[in-house]
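Turn these sequences into a full structure, and let the hints guide you.
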Amino acid sequence: MKITFPHLGNVYFAAKALFDELGIEYVVPPLSNKEALEIGTLYSPEEICLPFKIMIGNYIKSIENGADTIIITGSCGPCRFGEYCELQMNILKKLNKNVDFIVMDVPSDIGIKEIFNRVGKISSNSSKSKKEKIKALVKALKIINMIDEIEADAHYIAGYEKNSGDSKRLLNKCKRDAINSKSADEMINILSEYKRKINFIEIDKERKPLKIAIIGEIYTIIEPFSNLYIEDKLMDYGVSSKRTLSPSWWVKNTALSPLKINSLDIKKASKRYLSLCIGGHARECVGEAVIAKNEGFDGAIQIFPMGCMPEIVSKAILPTVSKDLNIPIMSLIVDEMTGEAGYITRIEAFIDLLERRRKSVLFRS
Amino acid sequence: MMKIGIPRGLLYYNYQTFIDSFFYELGCEIIYSENTNKTILDNGVKYCVDEACLPIKVFHGHVYSLREKSDMIFIPRIMRLYKNEFICPKFCGLPEMVKNSIPNLPPVIQDTLYADSKTVLKKWAFSIGEKITNDRRKIENAFSISLKKHKDSKKGIRDKNYKINVALSGHPYNIYDNFLNMNVIKKLNRLNVGVITEEKLNEEYINRQVLNLYKKPFWTFARNTYGFTTYLAENSLVDGIIYISSFACGIDSVVIELIKDRIGNFPFLILKIDEHTGEAGFDTRIEAFVDMIERRKGIEDNISASW
Ligand code: SF4
Ligand code: SF4
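Read top to bottom, the protein sequences are chains A and B.
To convert, note that position 253 of the first sequence is 421 in my numbering; the numbers rise steadily by one, no gaps.
To convert, note that position 43 of the second sequence is 472 in my numbering; the numbers rise steadily by one, no gaps.
Take the hints with a grain of salt, since some may be wrong.
[Stated by the list, open to error] In silico DSS-like links for lysine-lysine, alpha-carbon gap of 25 Å or less: (1) B:Lys644 - A:Lys262; (2) A:Lys289 - B:Lys644; (3) A:Lys435 - B:Lys528; (4) A:Lys289 - B:Lys528; (5) B:Lys432 - A:Lys261; (6) A:Lys262 - B:Lys689; (7) A:Lys265 - B:Lys645; (8) A:Lys281 - B:Lys645; (9) B:Lys689 - A:Lys265; (10) A:Lys281 - B:Lys644; (11) B:Lys644 - A:Lys265; (12) B:Lys552 - A:Lys428; (13) B:Lys528 - A:Lys491; (14) A:Lys261 - B:Lys528.
It is worth saying that the hints were derived from the structure and are not from the lab.
Computed from a prediction, not measured in an experiment: that's the story for all the values here.
What follows is the structure, encoded as structure tokens:
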């Protein structure tokens, strides 16, 4: 068995460490890129949402590199994500790709027994003891938390750095070094090192950079290729950005949700505008817009794939949030046709707008 | 008398008997929006978020038209019709979408409904009834009368005595809103084609069809449409399937693929609608499909005749 998985932000670091520790063979798909999208678009139903297409591209590249088992997380609605696996299986079957799917649904939907069954399929390929397996999992979780934190720090510090480009360079180097590590422990050491280093980036405390929150559909805001690397661009502009949703957030949120104590701050913030979970992360999107205002951010950018059902609901609500709280919010919709030039123009125009607003406020006071 | 505005859009088509009777028994004056027309569509397009699907836009248009005529508008948040299933994220967020998109709305009746058991349904009916009257007996009465009427009401279409028959599938509001679907049923009948809709197929058969899937569809629409179309196709109970689907419908994008996978080359026509769909092209596609079925049938008849 040679395992692979679709990309989602920094997940591949944790996955690499986990499978290294378990001694299971795996293939990390090449980072999502144009080729993955082209392959995915070719084989996917036209009207399916963008994440589906890029994921198909990831699988096919991995299969070319010898993968025969695909792990994905599932969900049972109300959004399309839960139906991804069935369609994807059919597509690969039609392409004569002989692969197994292991779908990690949430226990409440398929029963705890089935979960053990599916986890068993993976872990029976590892010769490690149960204790070692648990240790491996703990390390993987630690890694995803660390890398997400480093990344979040870099995005934020980018607004304050004295030498422009420092944080971006450090982040890129960190990722390069981490992925070349030979074991989970080595990766943890590397990440600790960079966690320390990032605090030594020279910053200008007097600067008051623009601050923008990135909100919207979870895949498109986490997987950088799908949003045309918006966070990198903001770093280049010297804007501080923040994104709450991340793989580590997802893990925590999923673990706590049966107890209903997940993301209490977001739930509270969204209450006035959207008090229920309607699928996807629409409630989070609305709640984060409110939180961005409370934390003194200048604006928020919502990103979602064309046709994304839950985010269309939040898009209808955001103008009210924006008006009530006096915070500009821009929606960017991405699909395989999104042109980079127009996209950048919109981001730049938004940044201009935020800058002008700042000035006019200064002026009035 | 309290004037309740009822938008004739989305699931109104499924539950109109219940809704009409319930508010009538409560002693409200009911103000309906007109059947969907150009003005309603245009206002819907104007006020709704661009990215939404046609039925949601049209619903906005219906609400808009009721804005100045009613004391309250009925926009229930329908979360679920069956146990462990969902409808569509847009239904769950419907009241929010509408309220944030159309200015100056009167109060909205938006009570959340999980219609998977009678007790819950009753509770929901009471929470609405109490906004209108203090007389609990009256609400109780209105509820049981309306539920009975709903159960007795005739649902679905099954044409008889046509040479060619097709399964007409899609979400109820696409099938029953004759403006949205450009009178597709009449058009078919005129071409001598009869239609049958999913309400006419026993649920047991529908549920049996979905057992073959790796994962049971969690959308009620998906389960129904998939079960209905594939059953009729596999048992040759119709000559073809016509699926009316709105552009940008996330659910249809999945269901259509699942159906295609199952039925092979059984005649299957997908008619996509949005506010730009032109009637001429729409008609041509229907005619071409019917021609194709006729040819197929002709060949089959010839084969069986030569046996
Ligand atoms: S949340 Fe949006 S992008 Fe994700 S599966 Fe649902 S519709 Fe697709
Ligand atoms: S089910 Fe499809 S057509 Fe109906 S509201 Fe949802 S997205 Fe629109």
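Could you work out which earlier hints the structure fails to respect and list their numbers in ascending sequence? Structure breaks hints 4, 5, 14.
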